[in-house]
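Now for the letters of each chain:
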Amino acid sequence: MTIEETGKQIAAEFELFDDWMDKYNYLIELGKGLPLIDESKKKPENLIVGCQSRVWISAEYMDGKVVFHADSDAIITKGLVSLLLRAINNHTPDEIMNADLSFLDNTGLKDHLSPTRSNGLVSMIKQAKFYAMAFKAKETGTL
Amino acid sequence: MESSFDVARIRSHFPILEQKVRDRQLVYFDNAATTQNPLAVTDAISDYYNRYNSNVHRGVHHLSQVATEAMENARKRVARFINATHSHEVIFTRGTTEAINLVATSFGQAFLKPGDEILLTTLEHHSNIVPWQMACERTGATLKVVPVNLRGEIDLEELAGLLSERTRIVAVAHVSNALGTILPVKEIVKLAHRYDIPVLVDGAQAAPHLRVDVQDIGCDFYAFSGHKLYAPMGIGVLYGREELLNRMPPYQGGGEMIEKVSFEKTTYNELPYKFEAGTPDVGGIIGLTTAINYLATTGFDEVIRYEDELLDYATRKLRSIDGVTLIGTAARKTGVLSFLIDNVHPYDAGTIIDHYGIAVRTGHHCAQPLMDYLGIPGTIRASFAFYNTTAEIDLLAGAIEKVKEMLA
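Protein sequence lines, in the order shown, are assigned to chains C and A. For the first sequence, our numbering gives the first residue as 198, with consecutive numbering after it. For the second sequence, our numbering gives the first residue as 49, with consecutive numbering after it.
For reference, chain C alone in the conformation it holds in the complex (with noise of 0.2 Å):
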């Protein structure tokens, strides 16, 4: 499945909710389910500082996809963390720094993703994508 494959499938998972409540019983539910990283990898290079809450974020490259381990101290910006770690995982440097990532905005939880909010996940897609484009360089050599 593509990025954006993934994305529509997640805004119409979000679309089934009517209710806010739901909407966040839902993400709190994906932000426990959400495999904590390593205590080792919440180092401070792996540290996005938002003014609200804080993510980590790190990444391996095999086989041509990039797989990022993410986490949170706040569980509704670890279930977002999820959602976009489902998206992208799994896929090449270039998908990922292609990727359009305004699926988001039909989940009804794009107030999450404005950079006025300062909970590290603007910055947490700008980072994976960064990861992307280092992976990228790397293999074919231009860095």
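Simulated from the structure, these hints should not be mistaken for laboratory data. Possibly wrong hints are sitting among the right ones.
Below are the DSBU-like pairs computed for lysine-lysine, each with C-alpha atoms no more than 35 Å apart in a straight line [stated by the list, open to error]:
hint : chain 1 : residue 1 : chain 2 : residue 2
1    : A       : Lys192    : C       : Lys240
2    : C       : Lys262    : C       : Lys220
3    : C       : Lys205    : A       : Lys313
4    : C       : Lys229    : A       : Lys365
5    : A       : Lys68     : C       : Lys220
6    : C       : Lys229    : A       : Lys192
7    : C       : Lys323    : C       : Lys307
8    : C       : Lys335    : C       : Lys307
9    : C       : Lys229    : C       : Lys323
10   : A       : Lys161    : C       : Lys307
11   : C       : Lys262    : C       : Lys326
12   : C       : Lys323    : C       : Lys239
13   : A       : Lys192    : C       : Lys220
14   : A       : Lys68     : C       : Lys240
15   : A       : Lys192    : C       : Lys239
16   : C       : Lys238    : C       : Lys307
17   : C       : Lys238    : A       : Lys68
Covered stretches of chain C, as calculated for chain A (at least 3 residues, CB under 8 Å) [said to hold, decoys possible]:
hint : region
18   : 198-212
19   : 249-263
20   : 269-280
For every residue, glycine included, the Cβ atom is placed at its ideal position computed from N, Cα and C.
Please build the complex by placing chain A on the supplied structure of chain C, with the hints as guidance.
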């Protein structure tokens, strides 16, 4: 408790409060960040722009004279509000932050040298930390910090112990924006003045909730913002003692602050204009003085008493909820109730509370050193104004129960 204070009538003066947020009646508990403007204030500002908007001080024409007079009357009104000795000790700034930057820069240039010390407290807002750090970088002075206890109080003896012959200035909040603690500023001034050390008081959170008397406090500088006092954003005040202000160089250069300019030498205007370069925010100044008059007409003592009752009610209400921990339990507090819900991140709590139409603030409240000291990522902060009600506090309590259901 609300019988003596007609809060329904008060609320009718603030049309912004009458709106639905996420299909619920708005509950505005973010007053420590900014307060709302009564109609009297917005009317006065539009009256200014509709009838006598004009550049001040340099015009001989009628409108300029009317605007200048309004501005200078406002200065007198502000001086009376804080009981300054002279109205030229009142300098209009963009807000508290600019007022503190003015002192840190200008006082710093005149009086700070390598090895000197600036004394702050752990609970300062970043606006009363960063300008001093910048002054340290420019001058070679260093910061000393008075610790705070777990209730959020300052120990005067510890403060006294940190004063030394190297201390050049003490800069403290009157009221903590994150915890609501009222600091004993009068006693702090007494201690500092024993060694002739001037004191700046950051009054951003105090001016709306306490009667401020700069002569009684004895401070050398006092800064506050209009937008936390029912006036617009972009206008604030620096009070400075005449004698000190006269010994400080100008902060910014430009129009109004000069006496005579030639390319060889410029001589500076006298107080307060020396510190007011450029065209001032006359509309904002009119708004500020109208807000002060509005508070006086409403009865500032009544306002203060009612706000204390609100904080007291909220404290008791939230204390009675299982799993809620109050952050900041100083003996003397005003305006602010910071708290945490067990096992719930403030961001998560704030997100759910917002869905109930309740505006609270979550995060470190621009007081990161304090949060680090308390070992918490931030708090949920409800901050009150005299247009709030106990019924609104009950709604907050209900929303907290929901947060616990969903997240704890």
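Of the hints given before, which are not true for this structure? 3, 6, 10, 13, 14, 17 and 18
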